[in-house]
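Take the sequences, apply the hints, and build the full model.
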Amino acid sequence: MSDDNIPPVGEDAHGDVTAAEYVLGLLEGEARAVALRRLASNPGFRLEVSAWEQRLAPLLDEVAEATPPARAWDRIAASLTQADPVVPFRPRISPWNDLRVWRAATGASLAAAAAALFVIILRLAPSTPLSAAAPKAAPAVMLARLNAPSGETLFVVSVDRLRSGFTLMPVKAVAAEGHVPELWIRPAGGQPHAVAVFDDAQPRTAAAPLSLVDLASPKAVLAISLEPPGGSTTGLPTGPVIASGSLTSV
Amino acid sequence: MDLDWQRETLNAAIARVGQGEAGAMEIVYRQTSAKLFGICLRILGDASEAEDVLHEVYLTVWRNAGAFEASRASPITWLATIARNRAIDMLRKRRPGRHGSVDEALTVVDPAPTALAIIEDGETVGRLGRCLGELDDRQQAAVRRAFLDGRTYENLATEASVPLGTMKSWIRRALLKLRVCLEL
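Chains as they are written, first to last, in the working numbering: chain G, 1 to 250; chain X, 1 to 184.
These aren't lab readings, by the way, just hints derived from the structure by calculation.
Please note that the accuracy of each hint is not assured.
Stated by the list, open to error - Below, computed lysine-lysine pairings styled on DSBU-like, alpha-carbon distance capped at 30 Å: (1) X:K93 x X:K35; (2) X:K93 x G:K219; (3) G:K172 x G:K219; (4) X:K168 x X:K93; (5) X:K168 x G:K219.
This is how it looks when you write it as structure tokens:
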């Protein structure tokens, strides 16, 4: 990798202080970009960064406090109503308020899909406490409701980072006429990446490479386009995007 | 004053924010905004940019508070680290260098809300101070300027009138020493 363009001080891995350089904020341009990419893709590097953040955090005690102008809070308060918080899944609190919408919208034929999703959530939630593993950049399980431009929810997608899979639940059949729904993920500010082609009548879980799962973060957008059977061959959606929505953690 | 009490109040407020209670956000804001604004202002040196970053920081808190674990984490360390990271991010984007466009395509990564308690932990604070004290004066000053004022290698080399390579090796040696000292 090009982070070796800086000659190491020590000769072994222990001489690599890139994580500390990143945390101190010393890097700029390409060196910073490389560190940010490593942070997104390398859990070991994330741990190191987190360790340095903790080591150095006490220095922040030296920073003088400064009262922000009163309007700063008004602006934040106004934004809160637009940005829903990510409520973690716990059996009692539960994101059902969210899910009830699509459950209610579905017919009896889709009860199975709802049940399947429920099972997935119940199975994952207790077995993946956030504290068990190393600190993560994104939550282990995330959900997205993919809505048509009309606001109607057409699909619910869950992404399981630990098991590296995308599960797609059709909420409403979409008239496809020889076309199949294809799921795409687009990281904030990035290009769409194809995830998998689905049958719009059945829930389905697709195993996905880590590189795709790593794109799943609360800012990423999922979208469904209608493609010829087998999916788009261009690497980008060719048919109409019929539904989209952003990920939130469960 | 009573750090434990303050910390517990903040933990409770963050837990309520995590359950989507907007009213609790105001408690978190009232308790922490002066500290976080101070951090943003110090790094950015511009009140209006600092205000924008502060806005982003609290929206991040609003979205991520649900994953915060009070048993493992110090709330103020978590918040302060988010604020510092976001401010550095803004600073690097503000001055797009040769590779500015590359930088802008990437998003800063917020700290995991499971960071261990540090800021209120007097022993740890003392240890960092002692370890920094073992560095020579130039190294110590450079580490502080970078962390507290958002200076890059290039800024520091210019300020100290030394070649970039010299500054890099000063700081890298300092970081290696610091790591050994802090891990003992």
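Going straight from one Cα to the other, do K172 (chain G) and K219 (chain G) come out at no more than 30 Å?
holds (25 Å)
Between the alpha carbons of K93 (chain X) and K35 (chain X), is the straight-line distance 30 Å or under?
holds (23 Å)
Starting from K93 (chain X), check that the Cα of K219 (chain G) is at most 30 Å away, please.
Distance ~19 Å between K93 (chain X) and K219 (chain G) Cα, so the pair holds.
Straight-line alpha-carbon gap K168 (chain X) to K93 (chain X), limit 30 Å:
Answer holds: K168 (chain X) to K93 (chain X) is near 22 Å, not above 30 Å.
Agreement of K168 (chain X) and K219 (chain G) with the hint, judged by alpha carbon distance not exceeding 30 Å
violated (34 Å)
Checked against the numbered hints above, the structure violates only hint 5.
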